[in-house]
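Q: Below, each chain spelled out in residue letters.
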Amino acid sequence: MKRLLQPLLSVLLGLALGLGVTALAGENPWTVLKILASGAFGTGYDFGMTLFYATPLVFTGLSVAVAFHAGLFNIGAEGQLTMGALAAAATGAILFRVASPWAPLLAGVAAVLAGTLWGAIPGWLRARRGSHEVINTIMLNFIAAGLANYVTLYLLKNPESQNPETRAVGDGYLLAPFSWLGGAPVGWATPLALVTAAGVGVLLWRTSLGFEIRAVGQNEAAARAAGIATGRVQLLAFALAGGLAGLVGVAEVLGNVGRFRVGFSPEYGFLGIAVALLGRNRPGGILAAALLFGALHKGATSLDMETEHVTRELSLVFQALIILSVSADGLWSWLHRRRSSC
Amino acid sequence: MLIQLIGSTFRVSTPLVFAMLGGLASERAGVVNLALEGMMLFGALGAAVGTLATHSPWLGALCGLGSGVLLAAVYGLVVLRWRANQVVAGMGINMLALGLTPEFCKMLYDQTGRTPAIPLAEHFQAAPMYGAWIGVALAWFVLRFTRPGLWLGFAGEHPGALDAAGISVTRVRWLAVLASGALAGLGGAALSTFSSSFFSRDMAGGRGYMALAALIFGKWRPLPAALACLLFGFTDALQDRLQGVVVWGREPIPVQFIQILPYVVTILVLAGFVGQSRAPKALGVPFERD
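Residue numbers (my numbering), protein chains in the order written: chain A, 1 to 342; chain B, 1001 to 1290.
No lab work stands behind these hints, which were simulated from the structure alone.
Be aware that one or more of the hints could be misleading.
[Stated by the list, open to error] Using C-beta positions, here's what the derived DEER-type ranges look like:
no.	chain 1	residue 1	chain 2	residue 2	range
1	A	D329	B	D1202	27 to 33 Å
2	A	E160	B	Q1111	28 to 34 Å
3	A	S179	B	D1202	34 to 40 Å
4	B	G1149	A	E160	57 to 63 Å
5	A	N163	B	Y1109	25 to 31 Å
6	B	Y1109	A	F41	28 to 34 Å
7	B	T1112	A	A176	32 to 38 Å
8	A	Y45	B	G1149	55 to 61 Å
9	B	Q1111	A	F41	29 to 35 Å
This one's a predicted model, so the numbers in the text were calculated from it and none came from an experiment.
For each residue, glycine too, the CB sits at the ideal point set by N, CA and C.
Produce the entire structure from the sequences given, and follow the hints as far as they go.
A: Structure follows, in structure tokens:
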């Protein structure tokens, strides 16, 4: 229970501070809270959109968490999911005629492979060259964005659109949305996220690779002394993290618009860091945190229309305040003090 | 053509140089600073608001500096006092700035995600460009020849020794973080009152991270890092100039490849393929007295 207390209180503190900002802006915080809640959960469609935004956050949250368990910071989920989505869209646009059961599978594998590859680069650089993954992954995010721009504008441009996006994938690739969510683009990608979360849990806590990952993360020197090939484990963990982020491509391309759109991600990769942190890097916690952040994101889209002085950007403010408060260990030391004194 | 390119290289790299100096202050003192991006955003908005209110870019720049310091104080509170992980908190600060700045535009001007334009006569012509390089010279001088510069270096390399000499590591790091907010704030001010004449959402566009890359590229030393900023600025200016230019065949040059060049080079430098880059020893390690 105590382990849950810090994230829960952080959420409350973050929400309270964020609502304080709305009060400064001249809005009634209670009204804003109601708008957020009804925007996120009011109708079946609203809830569907909340799930739609939460799904990629599960993938990126898991991605960050797997790397974190190996003692690595994956700031690169944004680049990995860009490469994943691009690969899925490219597969569907080039192999246009593949039919239904195989097509999404093919594109999904392409997405995972592309993400894995993009994650393996900083993993390799860390394991073999000893260079720090934080700057490398940030650089790779920019490189992925540049490459995706190039592919979208030069190689696979959609001739029928003014927007920077790729040609549409074949119909066989599309995952139909569930009919009971009021037309929100939520299909099999969301159950896939749940299964993936469970799979990551099994991998980390029930397999020898998972044990090695956690051992390296907790004490690299001790793990090496115990005969674990730490470099290999770091590389694998980062590749796995990349593959997980790549799955965002399935949700966005196959489950939503059927193409790669430049800038489609509202910082899913960065929000994944917050989701993992808030979820204590556990699959269950990540699911809950992703749902919360998805709800904040969806709920905030109503703020533009329904309030005078507050914009949808408020969701970023909430999310940022939650991250800052959950990471500020010193702020919560009173929670843990009693235990350490006895 | 070449003269123009050199001129725009210096112009484009001005905000980067300021932000890099900000990164230098905090990282040499041992505090990782991914929050440069957010501090730049705050500085850019502060400077635009200040200039619009006072009709003087100098007072505007001062507001930008203050806004950067304000956000840096939040960052310092979270990482120095509450010992948050510096990478996570840095990302959090950036998100906070990304969300708050458009919100402030809405509150102040009732506009979505941008400020009104600053009249041409009221924005900077060249002063920030000179200011940035004066800043580089000053940083070099301070780090090399002054006592506070020495303390800064010790806070990042051997905080224990600094503490033993009776100087508070935490205080030095606090000052370094606040200074980094001031400098990154000036970088943001250069964005909104020199490179352009308004503030818009996500205006820093990754320049804070670029500045950090330049810092690492330049091995945490003022002059080499400033030259790295120039190099990054050059690729930026070049791709701007080559946009839509046809060199051979029928297709224009894909400028994306020029765009990603600085990032690729940074990775290669970090990996030790192009020289070695060593971080301050205590970078990112919270100081605890034994």
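Q: G1149/B and E160/A, beta-carbon distance inside 57 to 63 Å?
A: holds, 60 Å
Q: Range hint 34 to 40 Å: satisfied by the CB atoms of S179/A and D1202/B?
A: holds, 37 Å
Q: Please test the hint of 55 to 61 Å on the beta carbon pair from Y45/A and G1149/B.
A: holds, 60 Å
Q: Does the beta carbon distance between N163/A and Y1109/B stay inside 25 to 31 Å, or does it fall outside?
A: holds, 28 Å
Q: Is the distance from the Cβ of Q1111/B to the Cβ of F41/A consistent with 29 to 35 Å?
A: Roughly 31 Å apart at Cβ, these two residues keep to the hinted range, so it holds.
Q: Does the Cβ pair D329/A, D1202/B satisfy 27 to 33 Å?
A: holds, 30 Å
Q: So does Y1109/B sit 28 to 34 Å from F41/A, Cβ to Cβ?
A: holds, 33 Å
Q: Within 28 to 34 Å: is that where the Cβ-Cβ distance between E160/A and Q1111/B falls?
A: About 33 Å separates the Cβ atoms of E160/A and Q1111/B, which means 28 to 34 Å holds.
Q: Evaluate the given range 32 to 38 Å for the C-beta pair formed by T1112/B and A176/A.
A: holds, 35 Å
Consistency with the previously given hints is maintained throughout, with no hint failing.
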